[in-house]
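Protein chains in written order, with my numbering: chain U, 1 to 437; chain G, 438 to 732; chain P, 733 to 1048.
Source of the hints: derived by calculation from the structure; they are not laboratory data. Worth double-checking, as some hints may not be accurate.
[What the hints assert, rightly or not] The list that follows gives simulated cross-link-like pairs (lysine-lysine, DSS-like), each with its CA atoms no further than 25 Å apart:
{"no.": "1", "chain 1": "U", "residue 1": "Lys231", "chain 2": "U", "residue 2": "Lys260"}
{"no.": "2", "chain 1": "G", "residue 1": "Lys608", "chain 2": "P", "residue 2": "Lys758"}
{"no.": "3", "chain 1": "G", "residue 1": "Lys527", "chain 2": "P", "residue 2": "Lys1034"}
{"no.": "4", "chain 1": "U", "residue 1": "Lys161", "chain 2": "U", "residue 2": "Lys103"}
{"no.": "5", "chain 1": "P", "residue 1": "Lys837", "chain 2": "G", "residue 2": "Lys532"}
{"no.": "6", "chain 1": "U", "residue 1": "Lys328", "chain 2": "U", "residue 2": "Lys293"}
{"no.": "7", "chain 1": "P", "residue 1": "Lys757", "chain 2": "U", "residue 2": "Lys161"}
{"no.": "8", "chain 1": "U", "residue 1": "Lys413", "chain 2": "G", "residue 2": "Lys496"}
{"no.": "9", "chain 1": "G", "residue 1": "Lys493", "chain 2": "U", "residue 2": "Lys413"}
{"no.": "10", "chain 1": "U", "residue 1": "Lys367", "chain 2": "U", "residue 2": "Lys334"}
{"no.": "11", "chain 1": "G", "residue 1": "Lys533", "chain 2": "G", "residue 2": "Lys608"}
{"no.": "12", "chain 1": "U", "residue 1": "Lys198", "chain 2": "U", "residue 2": "Lys328"}
{"no.": "13", "chain 1": "P", "residue 1": "Lys758", "chain 2": "G", "residue 2": "Lys533"}
{"no.": "14", "chain 1": "U", "residue 1": "Lys198", "chain 2": "U", "residue 2": "Lys224"}
{"no.": "15", "chain 1": "G", "residue 1": "Lys496", "chain 2": "U", "residue 2": "Lys312"}
{"no.": "16", "chain 1": "U", "residue 1": "Lys161", "chain 2": "P", "residue 2": "Lys758"}
{"no.": "17", "chain 1": "U", "residue 1": "Lys231", "chain 2": "U", "residue 2": "Lys173"}
{"no.": "18", "chain 1": "U", "residue 1": "Lys312", "chain 2": "G", "residue 2": "Lys493"}
{"no.": "19", "chain 1": "U", "residue 1": "Lys312", "chain 2": "U", "residue 2": "Lys262"}
{"no.": "20", "chain 1": "G", "residue 1": "Lys533", "chain 2": "P", "residue 2": "Lys757"}
{"no.": "21", "chain 1": "U", "residue 1": "Lys198", "chain 2": "U", "residue 2": "Lys212"}
{"no.": "22", "chain 1": "U", "residue 1": "Lys312", "chain 2": "U", "residue 2": "Lys108"}
{"no.": "23", "chain 1": "U", "residue 1": "Lys180", "chain 2": "P", "residue 2": "Lys758"}
{"no.": "24", "chain 1": "U", "residue 1": "Lys367", "chain 2": "U", "residue 2": "Lys161"}
{"no.": "25", "chain 1": "U", "residue 1": "Lys262", "chain 2": "U", "residue 2": "Lys231"}
{"no.": "26", "chain 1": "P", "residue 1": "Lys1029", "chain 2": "G", "residue 2": "Lys532"}
{"no.": "27", "chain 1": "P", "residue 1": "Lys757", "chain 2": "P", "residue 2": "Lys994"}
{"no.": "28", "chain 1": "U", "residue 1": "Lys413", "chain 2": "U", "residue 2": "Lys312"}
{"no.": "29", "chain 1": "P", "residue 1": "Lys1034", "chain 2": "G", "residue 2": "Lys532"}
{"no.": "30", "chain 1": "P", "residue 1": "Lys758", "chain 2": "G", "residue 2": "Lys527"}
[As the list claims (entries may be wrong)] A few chain G residues that don't get close to chain P, going by computed Cβ distances all over 10 Å:
{"no.": "31", "residue": "Leu539"}
{"no.": "32", "residue": "Ser545"}
{"no.": "33", "residue": "Phe579"}
{"no.": "34", "residue": "Leu601"}
{"no.": "35", "residue": "Ser621"}
Glycine is no exception: its CB is placed at the ideal position from the N, C-alpha and C atoms.
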Amino acid sequence: MKTKFGVALVIMLLVSLMATSCAPQAVETETPVVTEAPATEAPAAETEAPATEEATYPPAPEFIDVGSSISLTGNFGSLGNLILPGYQIAIEHINADGGVFVKEYNKKIPLRLTYYDDESDPTKAVTKMETLFSEHELTAYLGGGGSSMHAASIPIAEKNKVPYLGISFALYKIHQQGYKYLFSPFPKSPNQTEDVFKILNEAIPEGERPTKVAVFAYNDDWGKEWGDLVKLRAPEYGYEIVVYEENPVGVNDWTAAIQKAKAAGADMLLTLPVFPDGSGMFKTMAELGWTPKFSLVIRAPEGVNWGESLGKIGDYVTIFPGWHYGAKFEGVDKLNARYEELYGRPADLLTGPAYACVQILAQAIEKAGTLDRDVIRDTIAAGEFDTVIGPVTFNPDGTGNVLDPLIQWQNGKMELVWPAEHATAPLIYPAPAFEDR
Amino acid sequence: MLQPLVQNIVYGILIGALYGLAAVGLSLVFGVSKFLNVSHGELLMLGGYASFWIFKLLKVDPFVSIPLTIIFLLLIGFILYRLIFSRLIKLEVEKKIQNSLLVGFGLSTILQNIALRLWTADDRSITTAYSGLSFELAGIRFPAVRLISLGIAIVALISLQIFLKKTFTGKAIRATVEDWQSASLMGINIHQVYLLAFMLGCAMAGVAGTLVSICYSIDPSMGLNWTLKSMVVMVLGGLGSMVGTFVGGIILGVTESATAFFIGGNYRLIAGLLLFLIILIFRPQGLFGTKEGDK
Amino acid sequence: MKKNQTLLIAFIFVIVLAVIPLFIKKDNLLTYLCMILLYISLASSWNILGGYTGQVSLGHSAFFGLGALGTRLLWFAGWNVILAMLVGGIIAIVFALLIGSPAFKLRGAYFTIGTLALGQILFATVGNIFPQISSLPVQDLQSYTLVSRYYLFLAIALLTVLVAYLIANSRLGLGMMAVREQEDAAESLGVNAFRHKLTALVISAFLAGLAGGAFAFFQIGYYPQYPFSPVWTLDSTMMAYIGGTGTILGPIIGAIFFVVLKEVLSLNLAEFHPTVFGILFILVVLFLPGGFMGFWKRIRAKQNKKRESAAELSHP
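Throw the hints in and build the complete structure from the sequences for me.
What follows is the structure, given as structure tokens:
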């Protein structure tokens, strides 16, 4: 009996292995892309209505479905919880006017967001992305936060041919893979690493500028991409990199790197730590008595918790978060007001770009006049959009041409310091030494 | 060259002390009751949050509020033991390790989720007026906050040692570490001892959590990393030895710092773990463990 | 008679699994099934070492990761996937042989944490060497089909279960269980404990490596470091435990329970799903020590007793 069981399993094994090798051809033709409009009850009633002009339009779906696999728990949870409200408030605002007008149906259709928590787990993100696609007639995906989550999600959007709007990742390499459905209205590494030197050279007279740069990078792909770009740009603008240190993500001890920077007389810091590393880094800098005159710290100081947690030690660092609630664009006030109502403070830095994603999508659908995903994709790629982060257009690689404002922490608050026409406060330079604060 | 190296080693020791303290609680619980509590890191997190909120809302200095944190964690320990862990004590040793692993796993998802819902996913850190302060001695800087932390870690450890060595209950706990069957025959109330050890373990985790929130930062998903680190430190020092655990922590801290200094930050984790494995190859019972420590 | 029944049930089950893709056209359901099959392979392969041989390893993700890494590199270099997977599995074996003799010097918790450290070392090293995202080229995305992944996962899950079954019913398996129960006693009876442990490790590593290969074939974009994450180890260990270690069905049931419960909860309860999962998980552990299979065995034992006593009563 034992052997029979074994033989049966072996046979099944061989059969399934064979199936593996011939499956692709066999199935491709059958793979059903759900093309019929979902049968909803409301449109049925509408078609019976006697209005003659409406009869020429097909029954409209009840909602325009957008889906998001987003990290609300786990490592990227803090990002996801800033992004999600941006999506939700934007949809609320658009739906308050009845939704998005779709010419194809001659009707305003409200947006509906379905989101699942992927728990900061890339494989869960894949299953959630597939679930969203299988369970809903998706018009677009809205991204989560964190580059490894995007890396897992974007290919699924591409495979399913659904436009994907995502923010909160500056990784440029993802855009170089030829994805056609990926759009990201967010500053990328090449912008950030060049803008920082441009701004310094414009804002600070020669002779007072910092010259010796310490770079604290990571050994992940974004860290390396960013570090390489800094190495490339620094000499072009007259800066010298005196210390270049790398750590893996999540090692929150930068003592050795700080010692080296201090010993080398570095007066400027460029780094991109996650929060635990960033807070550890600045506490240790204060303890070791090394105050760079200027520091660009991407990522860690992007939430209000930076100021709350670090107090004066966290002041004077600057960031490139892609947006600030003080930006003078149409719609910002409305977003801030609603955010204030919900969370008791003006909109967070990532909330604006998230809000903009929905604005872009809504405007693209309206311009396209259809819910056909490919037409919408082409419309996003070609169009110009007015959003709370300013006018947005997209490059062929899906990166957005967006404003890249510089924010500085001053007195426990984030102030927009560059460009001047949006500034809420002037840039403070040089940063006072830690012991004098 | 010498001065930066010394400076680095000073930091290594200060960080290592924290590793050691984090692991002591785990080691105590494992030594006494053979519970491998993988939610230890989450208990650390609770301690960190307790200090953070006391500091934020009541403006009480985190070092001053440590007794409050300890009481809070003792209470948590009591509840968790009575509710969950006490149901595992009758199992044989292997089943106990296995089931405590499972229960701890479930518990850690619960605690993480609750922390997240109560306090959001934001990272937090305590920065007092004297954070960043340090004094210099022969060109070496000694950061005030970390020195106090080291002091507290040592005080906590010594109090634990005195408790274990001098009091009757403490002796009972130690007797149980060595041989619970004989201890039970000698009339020691095993249940009480298990409960107490578990509560003390939680309290130690709480203190470690406070220090983490002061020196580094805390967030709801921080637990796993601290649990993994604590397990390594516990085994490095040798099961059943609290002092060994603490020393193991310092060795790990110094190794990591020295590696970061000489080779680069990318290899600090690897170097620490390699050292750990090499030590284990030569001393399969850990640095201070006895041959029977794993039984 | 009873064996025949089991055989029949197993056969029907496998047939159902084999024809599922013909009826289920939803990608998400197939994805879930893929994850379940993957976890069955991982938990079952862990079970050979941790359950049958009693060597509780927390370094399982190392083998999974090595298999994934080897497969991914070779597959992207143009190799046939199945061939690449085999090489991935062999890489896992080589690593198992390398670490085997030092690792088995350690006993009990020392072994457990030692293997954990090994896994962590690989996790960090791979992150250092391969920091870049590994992503399937866009032009290949259109020919990506989940069904082929499904069959691959199915094949590996079947192979793993089959191997576990064959081992459990062989002399080798008996030796392993003897080592688990009482290593010294087994030695004195002429069972070479080290050889048995090493064999278990190698087989377990190979199967985990194959599962890693299937994962590399399945996941379109990920960081090469990711399969080495300790979370894989923890999850598969928990599945084996909750299903019942040292049994064939245990890890299978555990994996299904774990994945399905988590998914159902997270899709239906937005905010507190981990809490509910954790509570259910703890309840199962507390009320069913020994996992689902342990519970089943006890019920069976009770029934048998009843039947026996009933038989005694009727034939006084």
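Violations among the numbered hints, reported as their numbers in ascending order:
Checked against the structure, the hints that fail are numbers 2, 6, 13, 20, 22, 30, 31, 32, while the rest are satisfied.
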